[in-house]
Structure formats: structure tokens, C-alpha cells
Amino acid sequence: AQSVTQLDSQVPVFEEAPVELRCNYSSSVSVYLFWYVQYPNQGLQLLLKYLSGSTLVKGINGFEAEFNKSQTSFHLRKPSVHISDTAEYFCAVSEGNTGFQKLVFGTGTRLLVSP
Amino acid sequence: KAGVTQTPRYLIKTRGQQVTLSCSPISGHRSVSWYQQTPGQGLQFLFEYFSETQRNKGNFPGRFSGRQFSNSRSEMNVSTLELGDSALYLCASSTQGIWTDTQYFGPGTRLTVL
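Residue numbers (the numbering used here), protein chains in the order written: chain A, 12 to 126; chain B, -17 to 96.
One or more of the hints may lead you astray.
Among the chain A residues that face chain B by a calculated CB cut under 7 Å, a handful are [to be verified]:
id, residue
1, 37
2, 41
3, 53
4, 54
5, 55
6, 57
7, 113
8, 114
9, 116
These are computed hints drawn from the structure, not numbers from a lab. Using N, Cα and C, we set each Cβ at its ideal position, and we do this for glycine too.
One chain only, chain B, in its complex shape (with noise of 0.2 Å):
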């Protein structure tokens, strides 16, 4: 079975663009979450979604959104983007969340902000 995929694996965008993230769970799994880490603040989480329904939500600016789709693939946008955004983003899937089954994750798309 396939893992979770993240695509692309390095991002480098200038202050003020807008990126989006792409992320593929495994298959059959519902859920996604994402989440940011970075050296100074850690892991914090940004959001779920669950049948393409934003179940979830972290305390990040309403520049970070995203959506699912029918597939259950997930995509990451950051609108605007400043110097404080560079991370790694790393996306985790499961069947039904985190308190019933395993959460797997990604390898992160590492997003640098110049």
C-alpha cells in the first residue's frame, strides 16, 4: 500500500506570493490533517478535514486554508506569504481520525520564504 505523498517536496516562493500544497492519503483513508513545524514554534496543527468537510481547525491566520476532495486528496494554500511561513508541512492521513485508528504522515514539503 502506498504511503502518504506530498507534493513537491521543496517550495522556495518570495514574500508576498502564494503557494498551494498538495497532499495524497493513503487510499481509503477519510481523514487529513496538516500541520506546520518549524524551529521556533515546533508542531502545531493547522487543520482536519474529513469527507471533504473541515472537521478541525488550528489558531492560524485565515491565510492558511485548504479543502479535500472527493478522492480524499488534500490541498494547502497560503495566500500572501511572509518570511515567518518558511516550515515544513507535513500531511497525515487515517481512516476515520487520530482517536480510533493510526495516523500516518507525509514527508513534508519544505516551504522556504525569501
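Excised from the complex, chain A in its bound form (with noise of 0.2 Å):
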């Protein structure tokens, strides 16, 4: 069965620091990949996903993603933070040859911006 481990439930970091929320996957089977980050009092927001192709995922907002097979890894990256990206970030898995489209998330990383 596939599962995701966000190791961190809280990262604090200053203002134009650059920061890396870790997300490690199990699965049997190939798999798709995603981040979404959810702001306080609303619903969740895809940043990026990888399906195939370059193991490197730019999303919005500045972020990017890069997919490690061998670590089974998806870690998200921002070179440079804002106040504003201060929100729950979420990793989530689909498993991609079983024909069930539904997600599978992570704990979630408090991501903590000060200035």
C-alpha cells in the first residue's frame, strides 16, 4: 500500500531564507506526485505534481520539486521565502497504474515565516 511521510510537522524559517520541506514515499508501483499548500480557513491549492518526464517540477509561486526514484523522495524547495507562504504544506501520492485516481497525503509541514 502507498504511503507519504512528510518528516517535519513544523519548519520555521526568516524572510528570504531559503527552505526544503522533505517528503518520502512507499509504494510498490509507479506513482504520481504531488505538493499542495493550504492557507488558513481554506481549501487546498496544487502547486506541482510530477506524472513523468523531467525529474525536476517547477510550480507556482516560486516553488519547485524534484523527484528522486532511487531515495523515493519528492522534496519541495523555495530559494527565497516570503511572509506570505507561511501555510500547511501537503505531499501527496497516486498510484499511477492501479486506475484508482485518488490521493494519498502526508502528515503536512507547518511552513513558519518570520521576518
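Dock chain to chain to rebuild the complex, using the hints, since each chain is given by itself in its own frame.
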């Protein structure tokens, strides 16, 4: 069965500093990988996704992620964060060849950006 | 283009009651998925409907059910409510599904069971 581990429940960082949010997945088949962001009292918004092709995926708001099959990881990075990036970030996986288009989410990482 | 709308936004029920939540997808979207978000269990997939048919289902008891209408609007029903059903219920829509296009989420319905 597929699963997602987000190693850090909370990541504090200063404004304009780089950040990396870690995500590891477990699956016996090919996977599709996603990062979503949730701002307070709002639904989720897709940041980026990996389906196939280049392992470096660029998303919205300056975020990018790299798919590493050997390490089963899909870490999210941003070179310089803003106060407005303060939010909860969720990594998710969907198994690619089962026909089941459902997402399995990690427990989330709260990014706290301070001035 | 209007986003995904969910009604009501907040709901308070008592144990044993039933509840129906509504989701109106973005115009032209045929896939609607439902998720439950709780502090303890996180985000969990409930089910997905595509063109009025349930295409995928998560691991929830039969008290949780849903349906989709011909206009793609979807409803989710929970019968015999339990305290543990208190959660934020999120609806998301996409044109065909999460593999082919972007899934857009609504703001959620916060259900409190007393």
C-alpha cells in the first residue's frame, strides 16, 4: 500500500531564506506525486505535480520539487521565502497504474516564515 | 470562472443525526472528489465521482455515501453521526481526474458533531 511521510511537522524559517520541505513515499508501483498548500481557513491549492519526464518540476509561487526514484523522495524547495508563504504544505501520492485516481496525503508540514 | 463552492460552510449536528453536504464544481468539470480532514487522521480520501458514477472509494464505513448529479454537482451524506465525524470536509473538482489536469479544492464544510 502506498504511504507518504513528511518528516517535519513544522519548519520555521526567516524571510528571504531558502527552505526545503521533505517528503518520502512508499509504493510498489509507479507513482504520481503532488504538493499542495493550504492557507488558514481555505481549501488546498496545487503547487506542482510530477507525472513523468523531467525529475525537476517547477510550480507556482517560485516553488520547485525534485523526484528521486532511488531515494523515493519528492522534496519541495524554494530559494527565497516570503511571509506570505506561511501555510501548511501537503505532499501526496497517487499510484499510477492501478486505475484508482485517489490521493494519499502526508500529515503536512507547517511552514512558519518570520521577518 | 467561479471556483468550487461548498455549502454549508459550517454545520453543527448531534450524534445519531444525519447530514448532507453539497459541492458545486467548476463549470465543465466532471470529476468530483471528497476528502475528510481531521487533526488526528489528516487528509483522507472518501470517494470520487465522474459523470455520475463512483469511480474510486476510500476506506470509510458505509455510513458515508455520495452521489453526483447530471450537472456534476455532488452531495455527500453521513448517516448516524459519531463524534469522530467532526472534521473539515473538502470537495475538489477537475475536468477528467487528477492525473490529467489540475484538481481545484473548495473551502470546505466544517462539521461539528456534539
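Here's how the hints hold up against the structure:
no., hint, result
1, 37, "violated, 16 Å"
2, 41, "violated, 11 Å"
3, 53, "holds, 6 Å"
4, 54, "holds, 3 Å"
5, 55, "holds, 4 Å"
6, 57, "holds, 5 Å"
7, 113, "holds, 4 Å"
8, 114, "holds, 6 Å"
9, 116, "holds, 4 Å"
In the structure shown, a violation is registered for the earlier hints numbered 1 and 2, in ascending order.
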